[in-house]
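Student: What follows is each chain in one-letter form.
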Amino acid sequence: MSKTEASFGQTDRGGPHQPLIIAKDLKKHFPIRSGLLNRKTATVHAVDGISFEVQKGETLGIVGESGCGKSTTARLLIGLIELDDGSIIYDGDALGTDIKLKELRRGVQMVFQDSYASLNPRLTIVDSIAFGPKIHGHADPSGVARGLMGRVGLDPERFAERYPHELSGGQRQRVNIARALALSPRLVILDEAVSALDKSVEAQVLNLLNDLKEELGLTYVFISHDLNVVRYISDRVLVMYLGEVVEVGPADAIYAKQAHPYTASLFAAMPSMDPDNRTEEPPLAGDPPNPIDPPTGCRFHTRCRFAEDICSKTKPKLSVIGGSERHLAACHLQDTTSGHSQALKEVAE
Amino acid sequence: MTVVADTAEVAEPVRKAPGYWAGVFKRFLNDPVAVTCTIVVLLLILAAIFAPYLGLNDPYKASMIKRLKPIGFPGFPLGTDEQGRDMLARLIYGGRLTLFVGLVPVVLAFFIGSTLGLVAGYVGGWINTIIMRTVDVFFAFPSVLLAIAISSALGAGIINSLVSLTIVFIPPIARVAESATASVRALDYIDAARATGGSALTIIRVHVIGNVLGPIFVYATSLTSVCMILAAGLSFLGIGVRPPEPEWGLMLNTLRTAIYINPWIAALPGVMIFITSLCLNLLSDGLRSAMNVKD
Amino acid sequence: MSVVPLVEFENLKVRFKGERTVHAINGLNLSLQPGEMLGLLGESGSGKSVTLKTLLRLLPPKRSELEGSVRVNGTDVMSLSGKALARHRGGEVSMIFQEPALALDPVYTVGEQIAETVMRHKGVSRVAAMDVALDMLTRVRIPSPERRLKTYPHEMSGGMRQRAMIALALSCRPKLLLADEPTTALDATVQIQILLLLRELQKEFGMGVIFVTHDIGVAVEVSDRIAVMYAGNLVESGTAAEVIKNPRHPYTKGLLAANLHGAVKGQRLDAIPGSPPALETAPDACSFADRCPQATNRCRSALPPVVDISGQHKVACVLETANV
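Protein chains in written order, with our numbering: chain G, 1 to 349; chain B, 1001 to 1295; chain L, 2001 to 2324.
If we strip away everything but chain G, and leave its shape as in the complex, we get:
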């Protein structure tokens, strides 16, 4: 980590034990307006009270299906959309009171899924990367950009003056990574950053991300729907369902044993990769419900095969699983006092 500070001059204010980001009770509801007077007719509960922290130097994987709020969470973390409620603490400083959004954005950057849409088609590669350093008054923005191009595996001689449409998807995503690194951030949010790439190219980019993390002492928030990729890259994993956290814990612990029935279903839904032992029964029926009108109590109870009355009435709290302080799940089955008839017995199945 000292290497990072030396080469980029970014101060570590909170010390090694202060989480780089603490998200407290984040909430974001989007109104749906319609009609002549643009009146609010419904609310999308995109993110509904989620809390987590990201330690310095770790990779936090966020998984979940469409509509679970993982991309909204990413955009909240970097201030692209405004919080309805909750707070973000960056290295001990609360956003809005201790530091301004502009300061947060020097430390936090993002790479988006669509490599083409995230590059201005009328700017050359070098100009796209140099945009950040330029507006922050750097003496030699294109020098920074060319240096970063070399770092992400794009020869500046060959690629600097090209336009995005002349590059392949993998090359464009390398440009996006270079652009995100141009302000020497400490945290990079990767929002499905490798999902649109071909598998062989995806592996190259994952190697690159690992190298950059080591060289620059970066911290990642890695959002993906691909559990194999998340396992490979993450230290800890956070599972979201309809705007809420259902389970969070060390990647190894969660991949070994899932505490929440939804997490278990997600894993069971992965293709088996064994032609002699193919999946015979889908783990869940139907689609994820619409986040416009989420179910009461535990939001998963409409699709959960363990659901009982208690599940539709009371919202389960995130609580510690199996004695490990770091593994938490929000399920009545895990709570001996919840009143669920199968609590803490059936899960071991």
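None of these hints come from the bench; they were simulated from the model. Just so you know, these numbers come straight off a predicted model, no measurement behind them. One thing to keep in mind: the hints can contain errors.
Stated by the list, open to error - Straight line, CA to CA, 16 Å or less: simulated EDC-like cross-link-like pairs of lysine to aspartate or glutamate:
1) B:K1026 to L:E2019
2) L:K2253 to L:E2320
3) L:K2203 to G:E280
4) L:K2245 to G:D274
5) L:K2053 to L:E2065
6) L:K2265 to G:E58
7) L:K2245 to G:D235
8) G:K27 to G:E82
9) L:K2265 to G:D226
10) L:K2265 to G:D235
11) G:K102 to B:D1191
12) L:K2265 to G:D252
13) L:K2265 to G:D309
14) L:K2265 to G:D211
Following the hints, complete the assembly by docking chains B and L onto the known chain G.
Tutor: Same frame as chain G, now just chains B and L:
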């Protein structure tokens, strides 16, 4: 374990990228219809500008004995009008005013409308509501009626025609600019630029304008033909250019009484309007497809 | 050998002309037996979707040049025109797509769309066609099918829409179903439902299926046989077990490694370097040679031979000639 090189590209020739506009220009040149139309429009404009040097007859010189002479009459290749003035000279001189009132309002509206649309589309929220609802009010009237109403309120004359036509064309251009801006605004590279901490003005300047000006420009080009016809219409109704100035719409009006005597002469100004607006429309079509990058 | 294959590609070549020439398919030989489910695996630009489109003659006629032969049920697809082509499309062969939201017509109800197709191909009355539509919705396990007949595509969830599109595609009992990445846009828990549904329906209807996907896990889940495409040709084909458990082509091995199934965290991935060739000229050597860690001069000088490993397992790679 096999060690494999982890570079993004194996081998690719070094080359300088042709800029976006160079590509547009190249595609445009490959479109024979668009190129022909551009040449016709350019010729019309050049002829209008250099009319005094073309050795034409005096377009104002009337002659009671040479009224409504047919096409091909000695000394008057395109005949004469109802006051015996040379049609060829009047048509070429008429191009000056007609093209002027056809182009200037669109250029003015292009700047004003684009600015309004860019601001509305990028900022959004209540600013968008105010700008776009105001624009919608103007949209409620057919453009012809609106032009006539404003012109008659301001009184006849070239300047007032220009003002009224500019007002007529601001709303549609603002509309197009707003929707183009809003769709660019939703793209990830704008979010990426915001996340780098760029101010709204910087982002509009660097990332938005270049990507929306193209479609607005194409649209504005297509409006010039409409504008020309509207201007001709105002003159025809007597609330635009006043006689004896040569202007195609006005000429169409004054010659309409001659339609039974010499229909070919009476139709000539109309033919000019038709050719010019057709060429402008085809030109803007060609521009549209040349700017359409499909990769 | 006595059975006529349901699909037979013989030395198919497809070339697109335009600002740039693209040699999309380069001498493809592939067959599908009746009632067989084939997973056609490949990355973007490998020619897998083009292969499907040639079966329905959906390629732009002015821009594409075809060579070789494509037969469905013994009929030469290239020779079809007019009514025969219309009968072929949607009757003999039908297709499902990645985005059902784009493939279904938004202004008609799901029932009307299925009934219209049935009336056109089978020449039955509207009432009878509606009965078929209801039956189809039941078969694709759409809950409360009577009510769903009258809903519009946009009123359905992603998974439901994909089921409705499958119902539409199967309503005329095609002998061949072409599936173009039908689960790529779906969530994982919904994807597995659709995969299992397709597997059941394939058995129930006894049709042949070509399932195009870029996801090796999906291919394993649905296919009897897997064919791996690269740069417009097959590099390896065989039963799912042969290809997955005993991959022989370096590209197949790379794809399996890149799937990260069982990858160890922190360990460097054995990534295939570079990106696929642009195919501006017809390949005269192994297309994968530039990215292949085991490539030799032989790979760069001539097209690779197709080697029979065992049973149905075939590999197009010089390395195998030494082994056999």
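Student: State for each hint whether it applies.
Tutor: Outcome of the hint check:
1. Distance restraint check for K1026 of chain B and E2019 of chain L: the Cα-Cα separation of roughly 12 Å lies within the 16 Å cut-off, and the hinted pair is therefore satisfied.
2. At roughly 14 Å between alpha-carbon atoms, K2253 of chain L and E2320 of chain L fall within 16 Å of each other, so this suggested pair holds.
3. The straight-line distance between the Cα atoms of K2203 of chain L and E280 of chain G is roughly 14 Å, inside the 16 Å bound, and the hint therefore holds.
4. Our distance criterion of 16 Å between C-alpha atoms is met by K2245 of chain L and D274 of chain G, whose separation comes to about 8 Å.
5. Of the pairs offered as hints, the one joining K2053 of chain L and E2065 of chain L holds, with about 13 Å between alpha carbons and a cut-off of 16 Å not exceeded.
6. A hinted pair counts as satisfied when its Cα atoms are at most 16 Å apart, and K2265 of chain L with E58 of chain G qualifies at roughly 13 Å.
7. A threshold of 16 Å between alpha carbons decides the hint, and for K2245 of chain L with D235 of chain G the separation of about 30 Å lies outside it, so the pair is violated.
8. Taken as a hint, the K27 of chain G and E82 of chain G pair is honoured in the structure, with Cα atoms around 10 Å apart against an allowance of 16 Å.
9. The suggested pairing of K2265 of chain L with D226 of chain G holds, with an alpha-carbon distance near 15 Å, which does not exceed 16 Å.
10. A C-alpha spacing of about 9 Å is found between K2265 of chain L and D235 of chain G, which places the hinted pair at or below 16 Å, so the restraint holds.
11. Restraint check for K102 of chain G and D1191 of chain B: the C-alpha separation of about 14 Å stays at or below 16 Å, so the hint holds.
12. About 10 Å separates the Cα atoms of K2265 of chain L and D252 of chain G, which keeps this hinted pair within 16 Å; it holds.
13. Restraint check for K2265 of chain L and D309 of chain G: not satisfied, since their Cα atoms lie roughly 40 Å apart, outside the 16 Å limit.
14. Between K2265 of chain L and D211 of chain G the alpha-carbon distance is near 13 Å, which keeps this suggested pair within the 16 Å criterion.
When each numbered hint is compared with the structure, violations occur for hints 7, 13.
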